Amino acid sequence: MLRINKIQFLIGALALLVGGLLYLVDRPPNYTYFINNLVNVSFHGDTPRIFGSLGNTLPAYLHVFSFILITGALVSDKKRDYIIVCLGWCFLDCAFEVGQAFHAWSLRITPEWFSGIPFLENTQNYFLLGTFDFFDLAAIALGTVTAYLLLMITNKEKGG
Amino acid sequence: MNISGNGPCKKLRCLSGASVIAFGLMTILATGGGGGGAPPPPIVYRGPLTMAVVDRNNAQELATGAYLGGQIGMAMDSRAVIELGYIGRPRSWKVIQVLEDSIGHMDMTSVAAGVSYRGLITSRETFACACGGSATYDIRINDITGEFNGTMTFSSCCEDGVTGSGRADFSGLLDISASPPVILRFSFNFNYLGFSSGSDSFAVSGIVAYDFQTSPYTATIDMLLRENATGSVFWINNFNLSLAEGPGYVDVHFSGRFYDPAYGYVDIYTDPMQAFRIYDGDEWPSEGLLIVEGDTGTGLIATATLTAYPPPPDFWYEVDCDEDGDGTPDFNSGQLFWQ
Chain A
1 MLRINKIQFL IGALALLVGG LLYLVDRPPN YTYFINNLVN VSFHGDTPRI FGSLGNTLPA
61 YLHVFSFILI TGALVSDKKR DYIIVCLGWC FLDCAFEVGQ AFHAWSLRIT PEWFSGIPFL
121 ENTQNYFLLG TFDFFDLAAI ALGTVTAYLL LMITNKEKGG
Chain B
1 MNISGNGPCK KLRCLSGASV IAFGLMTILA TGGGGGGAPP PPIVYRGPLT MAVVDRNNAQ
61 ELATGAYLGG QIGMAMDSRA VIELGYIGRP RSWKVIQVLE DSIGHMDMTS VAAGVSYRGL
121 ITSRETFACA CGGSATYDIR INDITGEFNG TMTFSSCCED GVTGSGRADF SGLLDISASP
181 PVILRFSFNF NYLGFSSGSD SFAVSGIVAY DFQTSPYTAT IDMLLRENAT GSVFWINNFN
241 LSLAEGPGYV DVHFSGRFYD PAYGYVDIYT DPMQAFRIYD GDEWPSEGLL IVEGDTGTGL
301 IATATLTAYP PPPDFWYEVD CDEDGDGTPD FNSGQLFWQ
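Residue numbers (this note's numbering), protein chains in the order written: chain A, 1 to 160; chain B, 1 to 339.
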């Protein structure tokens, strides 16, 4: 039986839901692949922007934060493993963000066979049309630190 | 990493960890991650690149499509024709209006008065748009030649009832010796800008260039336009559009090539003596004559002519079609209403 740290998992899932809500409410639907291609539902324009200008950077924070918690909850309860999980997600998110700043190079290493495969087909657009933002990098760093602290607080292991 | 658990449990943890990582990567790609730049889907024209055969069956569709920059809010699904609302003013006009109003909001006087470093003045400004939203631009001006370039990000920027979002690069020329400095040329280059007004919603990718040295000013447009309601992509190619403002109205002249994904391209131009006149507060033209040239199917020029009329009973138009290229109309649509 797989042991899951339920608190970590629930907090991570909740953060992920908040991130999803942000895209449904605050972002124009045409700008989001999963709204255009999967859910086809948007409340943008129907309600006031919930997150205001924070909504520009919050997804970067929530993404790394939620996936660190979910991964941590599922794969390990060892404190030293949490550092690997945190650094892994932080590196991954930062790499994608920086890839937008150097989109010519990013496009060169994007395999052509990605086109036509759901989600992967958006890789080219992600780098070509996405906006690099230092605030996103800061949000990723902050998300990593807070997720690590939360993992430590909610960890049931004694020692590590 | 020492994943805890014994044999099957360890495998299960590895599997769930890999699934979470895959899901995490998918969400990055599916949302764009964050910042100002969630990546939009590409706009690609996939229709014929040949000249459209114009006949009585498609003359109205091509003429109104060329005027409006798409169809009049109707789409077919497997069950029925769906009403999708109406377009109103030509979409090309909506685009150039939002962009031109944004240029008008730029405070070039204070930018040009900024501190020059190695011959370049740089500035970052934000302005509020007329009916909501804002736009932020970063600009670099050569303080000797007056050439400038930069990036403008529109955040639900609303001008005259049309809302635009997205990011555009720009460049141009400023008469820096004039007081106040005067913009002579301005060109936007964008991969994706989204626009909405009323029930009409579309996205564009391409170039809009303004020449403010002519009066009335002219805008040159080369862009792909996707209707969000139907997903159809049209190509507005080498359009020249001029807006001449009079007391309480605007006269719109345009010419260029319009690619319809169902038929191919037509060459269009407004009658020089009969521009499309749209009065303030109106969505539809009270007068105007548009000539649409296509193929007869035998290599001759077939023509569809759209003529606009004011109420009563409502704004309407008629389309004449010379489908055999002999110079004489073979078909008249009768009275048609814009909505």
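Rather than coming from a laboratory, the hints here were simulated on the basis of the structure. Predicted, not measured: the structure shown is a model, and the values here were computed from it. One thing to keep in mind: the hints can contain errors.
[As the list claims (entries may be wrong)] Below 30 Å or equal to it, Euclidean Cα-Cα: the simulated DSSO-like pairs (lysine-lysine) are:
#: 1; chain 1: A; residue 1: Lys79; chain 2: A; residue 2: Lys6
#: 2; chain 1: A; residue 1: Lys6; chain 2: B; residue 2: Lys10
#: 3; chain 1: A; residue 1: Lys156; chain 2: A; residue 2: Lys78
#: 4; chain 1: B; residue 1: Lys11; chain 2: A; residue 2: Lys156
#: 5; chain 1: A; residue 1: Lys78; chain 2: B; residue 2: Lys10
#: 6; chain 1: A; residue 1: Lys79; chain 2: B; residue 2: Lys11
#: 7; chain 1: A; residue 1: Lys78; chain 2: B; residue 2: Lys11
#: 8; chain 1: B; residue 1: Lys10; chain 2: A; residue 2: Lys79
#: 9; chain 1: A; residue 1: Lys6; chain 2: A; residue 2: Lys78
#: 10; chain 1: A; residue 1: Lys79; chain 2: A; residue 2: Lys156
#: 11; chain 1: B; residue 1: Lys10; chain 2: A; residue 2: Lys156
#: 12; chain 1: B; residue 1: Lys11; chain 2: A; residue 2: Lys6
#: 13; chain 1: A; residue 1: Lys156; chain 2: A; residue 2: Lys6
Violated hints, by number in ascending order, as checked against the structure: Structure breaks no hint.
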